[in-house]
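Participant: Given next are the chains, with one letter for each unit.
Number of protein chains: 2
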Amino acid sequence: MKYLNQKPHLIAVDCIIFGYDGEDLKLLIIKRPIQPVSDQWSLMGGFVGESEDLNDAAKRILSSLTGLHDVYLEQLHAYGDPNRDPIERTISIAYFALIDIKKYSKQINNLYHAEWFKLKEVPELIFDHNRMVKAALDKIRYQAALHPILFELLPKKFTIPQLQALYEQVYDSPIDNRNFIRKITSSGMLIKQNEKDKSNSKRGAFYFKLDKLKHRSQFQSFLNFIPK
Amino acid sequence: MKYLNQKPHLIAVDCIIFGYDGEDLKLLIIKRPIQPVSDQWSLMGGFVGESEDLNDAAKRILSSLTGLHDVYLEQLHAYGDPNRDPIERTISIAYFALIDIKKYSKQINNLYHAEWFKLKEVPELIFDHNRMVKAALDKIRYQAALHPILFELLPKKFTIPQLQALYEQVYDSPIDNRNFIRKITSSGMLIKQNEKDKSNSKRGAFYFKLDKLKHRSQFQSFLNFIPK
DNA sequence: TCAAAAGTGTTTTATGTACACCCATGG
DNA sequence: CCATGGGTGTACATAAAACACTTTTGA
Chain A
0 MKYLNQKPHL
10 IAVDCIIFGY
20 DGEDLKLLII
30 KRPIQPVSDQ
40 WSLMGGFVGE
50 SEDLNDAAKR
60 ILSSLTGLHD
70 VYLEQLHAYG
80 DPNRDPIERT
90 ISIAYFALID
100 IKKYSKQINN
110 LYHAEWFKLK
120 EVPELIFDHN
130 RMVKAALDKI
140 RYQAALHPIL
150 FELLPKKFTI
160 PQLQALYEQV
170 YDSPIDNRNF
180 IRKITSSGML
190 IKQNEKDKSN
200 SKRGAFYFKL
210 DKLKHRSQFQ
220 SFLNFIPK
Chain B
0 MKYLNQKPHL
10 IAVDCIIFGY
20 DGEDLKLLII
30 KRPIQPVSDQ
40 WSLMGGFVGE
50 SEDLNDAAKR
60 ILSSLTGLHD
70 VYLEQLHAYG
80 DPNRDPIERT
90 ISIAYFALID
100 IKKYSKQINN
110 LYHAEWFKLK
120 EVPELIFDHN
130 RMVKAALDKI
140 RYQAALHPIL
150 FELLPKKFTI
160 PQLQALYEQV
170 YDSPIDNRNF
180 IRKITSSGML
190 IKQNEKDKSN
200 SKRGAFYFKL
210 DKLKHRSQFQ
220 SFLNFIPK
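If you're matching them up, the sequences are chains A and B in order.
Numbering (numbering that gives the first Met the number 0) for the first sequence: 0 to 227.
Numbering (numbering that gives the first Met the number 0) for the second sequence: 0 to 227.
Keep in mind the hints are simulated off the structure, nothing from the lab.
Fair warning: there could be bad hints in the mix.
In this list, chains with the same sequence are indistinguishable; a pair is considered to hold if it fits within one copy or across any two.
[Claimed, not checked] Simulated crosslink set (BS3-like; lysine-lysine; CA at most 27 Å straight-line):
{"hint": "1", "residue 1": "Lys213", "residue 2": "Lys58"}
{"hint": "2", "residue 1": "Lys133", "residue 2": "Lys213"}
{"hint": "3", "residue 1": "Lys58", "residue 2": "Lys138"}
{"hint": "4", "residue 1": "Lys6", "residue 2": "Lys30"}
{"hint": "5", "residue 1": "Lys211", "residue 2": "Lys138"}
{"hint": "6", "residue 1": "Lys133", "residue 2": "Lys58"}
{"hint": "7", "residue 1": "Lys208", "residue 2": "Lys156"}
{"hint": "8", "residue 1": "Lys138", "residue 2": "Lys213"}
{"hint": "9", "residue 1": "Lys156", "residue 2": "Lys138"}
{"hint": "10", "residue 1": "Lys138", "residue 2": "Lys155"}
I would like the entire structure built from these sequences, with the hints used as guidance.
Facilitator: As structure tokens, this is what we get:
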């Protein structure tokens, strides 16, 4: 049994891939490989397979570009303007991903001509992709104000100055370091290491690891990480 | 020019329609008119037309059931499990709507055998529709904790006890009326009317209207309406 | 020895929470 | 005159914000 007289549509998944390298918040985009509008900057995307779940499609597309699995990936929004793709009507389900740039395998880069752009220097993208990026950033700001998602962008060991710089970039505004440290440490989610990162200062900054149990248990608890 | 060798999919929109009548928070569902699994309870839904925007499809479907236009409608999530619809693979974009039940025209009811159910008494729904309802409720709780969306469920004139009862039902927990009133009134979004609603008490409760300008300007400002 | 980043406390202010009584009215 | 729901204020606790100096150490 089938539904009759219903027009099917092409369904794509587009991934808004955010990365942090300890210094800058960045977006991973590709030079579009397929005609037309090839050689223009675009989000990484692909069509949803015949019997493929949307989340699986997003994971597949993400890992085909980054080589990464088990990445933080969240559905953002479905975009369905009938004219959003001038080639053929395509409905796109946008996902955003948060990854630690250092985990990213650069090899696959070449296949797709992918590049990391600082968030403020992202060029014009095809279709409605700039709009998607903006929506994803808005959602991350919203989420990160209440839930500790930004740890997904950091390596296992990270310093508090790195963490603070990340928050400052996500919100594009300076944060008082004393208040920030107090909030973060009072959440109990950080485990101090003995080792120091001396790459940014002579004194060195202690590394911390995330207490994953506490991170998970506090994830839904409406914390407040952001001033004002 | 077209994309080649890509399998298209049926795309549906399903609407999670919440309503409030001044007493109970309710959900509007229908007896499914199409075979198979007809005569089972279901969210109101429909397929996305050939050149139809997703939002437009949701509006069309919502107003075909309720007769209402200009209703609060927000995209919830795209559901794409290949087996979610046993008849044929269908990807569903879920939307939720908030409406004042008293505005709802009952005539169209009969066409779809629609009924309002108290939220706690919603029966088993087809496919993944119960899951959608739960996700919608979660999202509304999230949104309403920070943004004044619940006014969408109220008529133009409403009383504070009605408003509080609405919050209590959305969060399924009692709220201290003194603290609630203080928070709500201190937002400056309410305009007191001279008229009273005497339907629930001898003394009567003053009607209020929403100051739409203040409502809009404070919509994004991360208020906090919910205790704890 | 000094430049540059890391780390540390206290005070003030705002916000949230707990809590109980009087008011107005129609029946 | 009283039962019912509407409305009001205060004291306390908690959380956020503002704010500046000392520490460490490699060059």
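Participant: If a hint holds in the structure, say so; if it does not, say that too.
Facilitator: Hints and how they fare:
When the C-alpha separation of lysine 213 and lysine 58 is checked against a cutoff of 27 Å, the pair qualifies only within one copy, where the shortest distance is 26 Å, while the shortest distance between copies is 42 Å. For the identical chains of this complex, lysine 133 and lysine 213 are inter-copy neighbours only, at 25 Å across copies versus 30 Å inside a copy, given an alpha-carbon limit of 27 Å. For the identical chains of this complex, lysine 58 and lysine 138 are neighbours both inside a copy (19 Å) and across copies (24 Å), given an alpha-carbon limit of 27 Å. When the C-alpha separation of lysine 6 and lysine 30 is checked against a cutoff of 27 Å, the pair qualifies only between copies, where the shortest distance is 24 Å, while the shortest distance within a copy is 31 Å.
Taking the shortest Cα distances, lysine 211 and lysine 138 sit within 27 Å of each other both inside one copy (23 Å) and across copies (25 Å). When the C-alpha separation of lysine 133 and lysine 58 is checked against a cutoff of 27 Å, the pair qualifies both within a copy, at 21 Å, and between copies, at 25 Å. Within a single copy, lysine 208 and lysine 156 get their C-alpha atoms as close as 5 Å, which meets the 27 Å cut-off; across copies the closest is 53 Å, which misses it. Proximity of lysine 138 to lysine 213 under the C-alpha cut-off of 27 Å is found in both arrangements, the shortest distances being 23 Å within a copy and 23 Å between copies.
Taking identical chains as interchangeable, the C-alpha atoms of lysine 156 and lysine 138 lie at most 27 Å apart only when both belong to the same chain, with a minimum of 26 Å there against 33 Å between chains. In the homo-oligomer, the alpha carbons of lysine 138 and lysine 155 lie at most 27 Å apart inside one protomer (24 Å), although the nearest pairing across protomers, at 31 Å, exceeds that limit.
Checked against the numbered hints above, the structure breaks none of them.
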